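J.: Each chain, written out:
There are 4 protein chains.
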Amino acid sequence: MIETIYLEEPKLNNVIMIEGLPGIGNIGRIAAGYLVEKLKAKNFAELYSSDFFPSVILQKDGIARLLRIEFYYYKGEKNDLIIVIGDTQASTPEGYYDLSNAILDVARKFDVNLIITLGGLAREEFSGKPRVVGAVNNEKLLERFKNYEIIFDGNLVGSIVGVSGLLVGLAAIRGIDAISLLAETTGFPIVIADPIGAEAVLRVLMKILDIEIDLSELEKEARELEKKIKKTEEFQKRMIKEILSAKEENKEVSYIG
Amino acid sequence: MIETIYLEEPKLNNVIMIEGLPGIGNIGRIAAGYLVEKLKAKNFAELYSSDFFPSVILQKDGIARLLRIEFYYYKGEKNDLIIVIGDTQASTPEGYYDLSNAILDVARKFDVNLIITLGGLAREEFSGKPRVVGAVNNEKLLERFKNYEIIFDGNLVGSIVGVSGLLVGLAAIRGIDAISLLAETTGFPIVIADPIGAEAVLRVLMKILDIEIDLSELEKEARELEKKIKKTEEFQKRMIKEILSAKEENKEVSYIG
Amino acid sequence: MIETIYLEEPKLNNVIMIEGLPGIGNIGRIAAGYLVEKLKAKNFAELYSSDFFPSVILQKDGIARLLRIEFYYYKGEKNDLIIVIGDTQASTPEGYYDLSNAILDVARKFDVNLIITLGGLAREEFSGKPRVVGAVNNEKLLERFKNYEIIFDGNLVGSIVGVSGLLVGLAAIRGIDAISLLAETTGFPIVIADPIGAEAVLRVLMKILDIEIDLSELEKEARELEKKIKKTEEFQKRMIKEILSAKEENKEVSYIG
Amino acid sequence: MIETIYLEEPKLNNVIMIEGLPGIGNIGRIAAGYLVEKLKAKNFAELYSSDFFPSVILQKDGIARLLRIEFYYYKGEKNDLIIVIGDTQASTPEGYYDLSNAILDVARKFDVNLIITLGGLAREEFSGKPRVVGAVNNEKLLERFKNYEIIFDGNLVGSIVGVSGLLVGLAAIRGIDAISLLAETTGFPIVIADPIGAEAVLRVLMKILDIEIDLSELEKEARELEKKIKKTEEFQKRMIKEILSAKEENKEVSYIG
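Residue numbers (this note's numbering), protein chains in the order written: chain G, 13 to 269; chain H, 13 to 269; chain S, 13 to 269; chain B, 13 to 269.
Don't read these hints as lab results, they were simulated from the structure.
On a predicted model such as this, the values are computed, not experimentally measured, just so you know.
Watch out, some of these pointers could steer you wrong.
A pair holds if it fits inside one copy or across any two, identical chains being indistinguishable in the list.
[As the list claims (entries may be wrong)] Below, simulated DSBU-like cross-link-like pairs (lysine-lysine); rule was C-alpha separation at most 35 Å, straight line:
1. Lys-141 <-> Lys-121
2. Lys-158 <-> Lys-54
3. Lys-23 <-> Lys-141
4. Lys-72 <-> Lys-158
5. Lys-87 <-> Lys-121
6. Lys-23 <-> Lys-52
7. Lys-90 <-> Lys-72
For reference, chain G alone in the conformation it holds in the complex (with noise of 0.2 Å):
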């Protein structure tokens, strides 16, 4: 089951969609995070699906919410944008899927002629400066993109994860341009967040969108960022270990089968 609730119908025109969840450093929900605020873009839809992580999430004065993928606008001069952003991606890889066609149908719904999907690409041996990767999904925006300081090389990434790249590839089925940009970063472990990622990523964005941003308090929104990510991380993982700990146990017990 995925429901997407929408709080307002705007009226948009021209409109791009960016979309940047949780993931490899964190670079996607980073740098889209901090473009709702910097723009002050508008809440104006919430999607959940009982494919996210069976938890509520509590806020600072004691309310819980479901976890829930948020879409924001902001009316711009070029463009009208659709920001995509969340607490999660997905739990089972059927989850990943409909959560993309979920967000697909709302591109669809506003007749989003570009998908920008943000995030990070993991090197292990990564330090220094990140370029940023992309990955289309049709030969006529490599031609588009050849002037962005975005590396086509289909030998550096063989795969991309996720929400991310699924959007990519299953708006190529639907007929809609999607571009993914991937900052290089290290990577693990995966819940740190990236802010030097983030900003690789932006500095494109801006290029793309003909936007300006102030990217000076990216660092000290990535820090606020990540402490809440984690918690919701960190209760995943506890809640696997405790099960995959079951396997050390070793109780007298006498049983059925």
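Could you slot chains H, S and B onto chain G? The hints should help.
T.: Chains H, S and B only, in chain G's frame:
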């Protein structure tokens, strides 16, 4: 497949639903079960799910029954109560959401105006007298519950995992007020019952419901419940262990892919 | 997807269903399979499920077939019998419930008035002559089966995991009498066949059914069945092992999230 | 959700379907892929499934696409062929059955009269020249294929895991003849390509189809395919590893159940 079978269709007014299922320290299960016993609440419905662990429980006399969730009612002076207890939670993320929604269907059927979920808050370095931490699903409830010795602090708790949390989150979407009451506990290993935590949530609950029940037999009851619940937990862990132990074996076989 | 294919539509009266699938010590499978052979029971239906392990079994001549559950009938003097044997149980909790319900659909189609499930009761420190422990699904059956050397004691057994248990529990909801007969066994490793346990449940079963069968070839049959079942089990374990071994490997790759 | 998208609707007669997906030694995938290339077979359909691993594959030029199964046709002298290759099999038991049934839907649409599945048979102590072991889905086929240097011996092979096996088993229920051809291989680790095994199944296949193809470039092709497939496999293993590594970590968190 989830099925709720009604044994009786009680007429209830001004209904508060109280939920306590197995979890950290089994605090919710112990507290709600003790309430059922002391109020002589009456069993009116049973819920079965194909997402529960695939086994039956043997009662002392040799009669087996499916794992289930039980609904009890109690007709009180100020409020009628529905108390939800049971043998288990769910085995998949989707199963947790489905179970929580099926419980909310019962809440709606009886026009429940407040849901109170009971549980434990595991803190690794906790010792001493447990405090009760709360989580509500809207701002008005912070005001309503501010004088009940409940601590509201999102920094203390990050997430509430399982039915206790999901009921609060999903009720918000359905427009039903809900609060989770969580007693501090050590929480590991999770199968050890914590009657002291159960007492803490019951003391707050009695004040909210404005009823008085004798807590003197709580510890004894807790120990008996613990034994029952432990059996079910251990079977589940044992089966997981069996599967994982495949890893360590190393037999000579030829196989095909 | 579960599909039951009928090869024949027998007319049966006063029907008792006997179930024995692979499990602890393969006691149920051995006992029910031996019954099929000695009574020359006739195969009239096959059940296929997409929840079974995704493989085919090769017969000696090089012909492959899907994993399946088989239904046999035997027209007896006092009772006609339906005997349920098969290659496997299920792979998910939901799969277990679905399989058990599909078997109950067959029971209802032939107006079965008693279901007897056969299995093993693993006890770590067990040795010697196995007793047969019983579990029924209503109180009247305790009276009916009190003179058959069946031990009814919920303290001895906590749960019955798998189809043998679920059939008893689910039959109660459908109003069908059911009893599980479980022979004590060491139970580890679960792939080792226990013909002594199988003999114990068969002795009780013969008394209940009031039939006589020659048990002298049971051990030989058990060893052959063991070989067949072991192959299937080992393939399943090997695949799980393959997946888990990913954990220990540590290759240099770059990937994206 | 499984979707088969047709790029073309070819008219085919007297059709044999050949399947080769990634598996043990990638023998089936290499053999079928080589056949596609050497026969210049034409891609006419693509199958997408939400049970596939949730990622996209990057091609060398930076264009990403979903994981998929591809159908090719070749109009031959005696038989027209449908060749099925792809990036992956499935991620759940149900996914394997659904995928196999979706492939059989294509077989039925084109009135396929024989299905030949290609794969490897892993034998731990195997070395030397691989034999080809066969498995058919009815007795008449044993006679039909007795003169093709195929070994039929159920003692040599216990099970055939995955689509290669399920196609043979499920085709029997639909009344379609099918044979699995499996070359002996060492099989571990499973990501290492075995072009020698692929050559062995291709030699038998050429005789059955009565066609001649040049096998001299097989090893080179195998190495390139291996690189591609390895990338996908490693991402999948890495993700599993990430999840399992949660087990070893031991952070101080407070959580709730």
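J.: Tell me, which hint numbers fail for this structure?
T.: Of the numbered hints, 1 and 3 do not hold.
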